[in-house]
Amino acid sequence: MELAKGGTPAGLIATATFQPLAVSELQALGMGGLPLLVIDHPLGGEKPEGVLRRAHQAVEELAALLGASR
Amino acid sequence: MTLRSEVLELSDSPDAVYEAFCEREWCDGLPIIPPTPERVEAMLAAVTGDPGESLGPLPPLWREATLEKLAVNAVMAGCLPEHFPVVVAAVEAMLDPAFNLYGVQATTHPVAPLLILNGPYARAIGMHGGAGCFGPGFRANATIGRAIRLILMNVGGGWPGRHDMATHGSPAKFSYAIAENEATNPWQPLHVELGFGPDESVVTVFGGEAPHNVNDHVSATASGILNTVSDTAATLGSNVKWYLSQSQLLVVLGPEHAATIAGDNFGKDDVRAFVFEHARLPLGTLKLGGMWGIQDWPRWMMAVTDDRTLLPIVASPKEIFVIVAGGAGKHSAVVPNCTFSRAVSRPLTRVRP
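Residue numbers (numbering that gives the first Met the number 0), protein chains in the order written: chain L, 0 to 69; chain Z, 0 to 352.
Hints listed in this document are in silico derivations from the structure and should not be mistaken for laboratory results. Since this is a predicted model, take the numbers as computed values, not measurements. Glycine is no exception: its CB is placed at the ideal position from the N, C-alpha and C atoms. There could be a bad hint or two in this list.
To be clear about the criterion: a stretch of chain Z counts as covered by chain L if any three or more of its residues have a C-beta under 8 angstroms from a C-beta of chain L, and this derived list gives those stretches [stated by the list, open to error]:
{"#": "1", "stretch": "50 to 62"}
{"#": "2", "stretch": "161 to 170"}
Computed cross-link-like contacts, SDA-like style, restricted to lysine to any residue with a CA-CA straight-line distance of at most 20 angstroms [stated by the list, open to error]:
{"#": "3", "chain 1": "L", "residue 1": "Lys46", "chain 2": "Z", "residue 2": "Met290"}
{"#": "4", "chain 1": "Z", "residue 1": "Lys329", "chain 2": "Z", "residue 2": "Asp198"}
{"#": "5", "chain 1": "Z", "residue 1": "Lys317", "chain 2": "Z", "residue 2": "Phe98"}
{"#": "6", "chain 1": "Z", "residue 1": "Lys286", "chain 2": "L", "residue 2": "Glu45"}
{"#": "7", "chain 1": "Z", "residue 1": "Lys317", "chain 2": "Z", "residue 2": "Ala97"}
{"#": "8", "chain 1": "L", "residue 1": "Lys46", "chain 2": "Z", "residue 2": "Gln294"}
{"#": "9", "chain 1": "L", "residue 1": "Lys46", "chain 2": "Z", "residue 2": "Trp291"}
{"#": "10", "chain 1": "L", "residue 1": "Lys46", "chain 2": "Z", "residue 2": "Gly134"}
{"#": "11", "chain 1": "Z", "residue 1": "Lys286", "chain 2": "L", "residue 2": "Gly43"}
{"#": "12", "chain 1": "L", "residue 1": "Lys46", "chain 2": "Z", "residue 2": "Gly292"}
{"#": "13", "chain 1": "Z", "residue 1": "Lys329", "chain 2": "Z", "residue 2": "Pro197"}
{"#": "14", "chain 1": "L", "residue 1": "Lys46", "chain 2": "Z", "residue 2": "Gly288"}
{"#": "15", "chain 1": "Z", "residue 1": "Lys317", "chain 2": "Z", "residue 2": "Gly266"}
{"#": "16", "chain 1": "Z", "residue 1": "Lys317", "chain 2": "Z", "residue 2": "Met300"}
{"#": "17", "chain 1": "Z", "residue 1": "Lys317", "chain 2": "Z", "residue 2": "Gly134"}
{"#": "18", "chain 1": "L", "residue 1": "Lys4", "chain 2": "Z", "residue 2": "Trp61"}
{"#": "19", "chain 1": "L", "residue 1": "Lys46", "chain 2": "Z", "residue 2": "Ile293"}
{"#": "20", "chain 1": "L", "residue 1": "Lys46", "chain 2": "Z", "residue 2": "Gly289"}
{"#": "21", "chain 1": "Z", "residue 1": "Lys286", "chain 2": "L", "residue 2": "Pro47"}
{"#": "22", "chain 1": "L", "residue 1": "Lys46", "chain 2": "Z", "residue 2": "Gly266"}
{"#": "23", "chain 1": "Z", "residue 1": "Lys286", "chain 2": "L", "residue 2": "Gly44"}
{"#": "24", "chain 1": "Z", "residue 1": "Lys286", "chain 2": "L", "residue 2": "Glu48"}
{"#": "25", "chain 1": "Z", "residue 1": "Lys329", "chain 2": "Z", "residue 2": "Gly134"}
{"#": "26", "chain 1": "Z", "residue 1": "Lys329", "chain 2": "Z", "residue 2": "Ala219"}
{"#": "27", "chain 1": "Z", "residue 1": "Lys286", "chain 2": "L", "residue 2": "Lys4"}
Could you build the full structure based on these sequences and the hints that come with them?
Below, the structure is given as structure tokens:
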């Protein structure tokens, strides 16, 4: 959020279970327009190859979100 | 005194008030005392400050913790006005960035702020540190702790499953407040140890799990009891140890255990040093699960390769807090913290003379 306030493209990643908390948080802090990428829950317990696959997917989706928000 | 809260017109029946507050998700599931303007004003009269004065925004929804809102919740919890300065000081302590209240409120871990009250005010209001102190039966403990939970839910917005993401929650999230049993403490009480005067009244907030029992009916020495304490404290499933810089442990010695330990000429520094050296797990055990692989450890611990090496669960002995509480019996307790919050103490500065 501090990066976004300073003009650096920034976004938030949350799992689906934590999406309501993330949305409330963004709104409460006046950052409702910040890109929010929602990924499947849970993330913990994922095998290393799964983490890598999901990270690649999330980075691409977040980059698209950040680009769209400019 | 000007209050700004919305006024609800409800039927003058306990059932109707209880129902209305439950429907609005303004209570913890238990009946509440209706926060009428007269009761809220009486609560506010116990502290200095304007009702509209905010102690700061309370996470996770960052709503302002005004004295009026705190007083409303204290009334609902069943507090007496003389309890309110403790509630206010505890909120001040929880809002210290070191306590990381956002993390404490929103985590999946079953953490609750434990309030420990020291000094003459604890005795004056009947805050209990003796037999059964973590349990029911004592109004000051029950209502002050409950007021904190209602504030965290109603002002902070930490509703279970929505903004308080604790997987199971904890009984400690209903109410978690005690006094230290200073009368049976063979050493300095906690607040004096932390640099406050013996005549000051101080509340300490510790982001901890519910107490874990330490049963030792046979040890007649300090080392015997503290071996049992240490073994109870060091477990693979505990949060403590994984983010080492913020891991803290509270040891609550029962008076009989404390007397045995002090009888061996152990001071509190000796207790801390012993527990620091013995509450450890071998690297090979730590590799089995928990948060292995996502831990935040200092460089020297990350460099350890021998699976037999015993690694500490806190960074130094000073991260171990020792108090005396409880009644008769060969039991103590350990309270692991959530590993991302540090204990904070605040003197009671707002008691209206």
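Results for each hint:
{"no.": "1", "hint": "50 to 62", "verdict": "holds (count 4)"}
{"no.": "2", "hint": "161 to 170", "verdict": "holds (count 3)"}
{"no.": "3", "hint": "Lys46(L) <-> Met290(Z)", "verdict": "holds (14 angstroms)"}
{"no.": "4", "hint": "Lys329(Z) <-> Asp198(Z)", "verdict": "violated (30 angstroms)"}
{"no.": "5", "hint": "Lys317(Z) <-> Phe98(Z)", "verdict": "holds (17 angstroms)"}
{"no.": "6", "hint": "Lys286(Z) <-> Glu45(L)", "verdict": "holds (16 angstroms)"}
{"no.": "7", "hint": "Lys317(Z) <-> Ala97(Z)", "verdict": "holds (16 angstroms)"}
{"no.": "8", "hint": "Lys46(L) <-> Gln294(Z)", "verdict": "holds (17 angstroms)"}
{"no.": "9", "hint": "Lys46(L) <-> Trp291(Z)", "verdict": "holds (13 angstroms)"}
{"no.": "10", "hint": "Lys46(L) <-> Gly134(Z)", "verdict": "violated (42 angstroms)"}
{"no.": "11", "hint": "Lys286(Z) <-> Gly43(L)", "verdict": "holds (16 angstroms)"}
{"no.": "12", "hint": "Lys46(L) <-> Gly292(Z)", "verdict": "holds (12 angstroms)"}
{"no.": "13", "hint": "Lys329(Z) <-> Pro197(Z)", "verdict": "violated (28 angstroms)"}
{"no.": "14", "hint": "Lys46(L) <-> Gly288(Z)", "verdict": "holds (13 angstroms)"}
{"no.": "15", "hint": "Lys317(Z) <-> Gly266(Z)", "verdict": "holds (13 angstroms)"}
{"no.": "16", "hint": "Lys317(Z) <-> Met300(Z)", "verdict": "holds (18 angstroms)"}
{"no.": "17", "hint": "Lys317(Z) <-> Gly134(Z)", "verdict": "violated (28 angstroms)"}
{"no.": "18", "hint": "Lys4(L) <-> Trp61(Z)", "verdict": "holds (18 angstroms)"}
{"no.": "19", "hint": "Lys46(L) <-> Ile293(Z)", "verdict": "holds (13 angstroms)"}
{"no.": "20", "hint": "Lys46(L) <-> Gly289(Z)", "verdict": "holds (15 angstroms)"}
{"no.": "21", "hint": "Lys286(Z) <-> Pro47(L)", "verdict": "holds (15 angstroms)"}
{"no.": "22", "hint": "Lys46(L) <-> Gly266(Z)", "verdict": "violated (47 angstroms)"}
{"no.": "23", "hint": "Lys286(Z) <-> Gly44(L)", "verdict": "holds (14 angstroms)"}
{"no.": "24", "hint": "Lys286(Z) <-> Glu48(L)", "verdict": "holds (19 angstroms)"}
{"no.": "25", "hint": "Lys329(Z) <-> Gly134(Z)", "verdict": "holds (17 angstroms)"}
{"no.": "26", "hint": "Lys329(Z) <-> Ala219(Z)", "verdict": "holds (11 angstroms)"}
{"no.": "27", "hint": "Lys286(Z) <-> Lys4(L)", "verdict": "violated (40 angstroms)"}
Of the numbered hints listed earlier, those contradicted by the structure are 4, 10, 13, 17, 22, 27.
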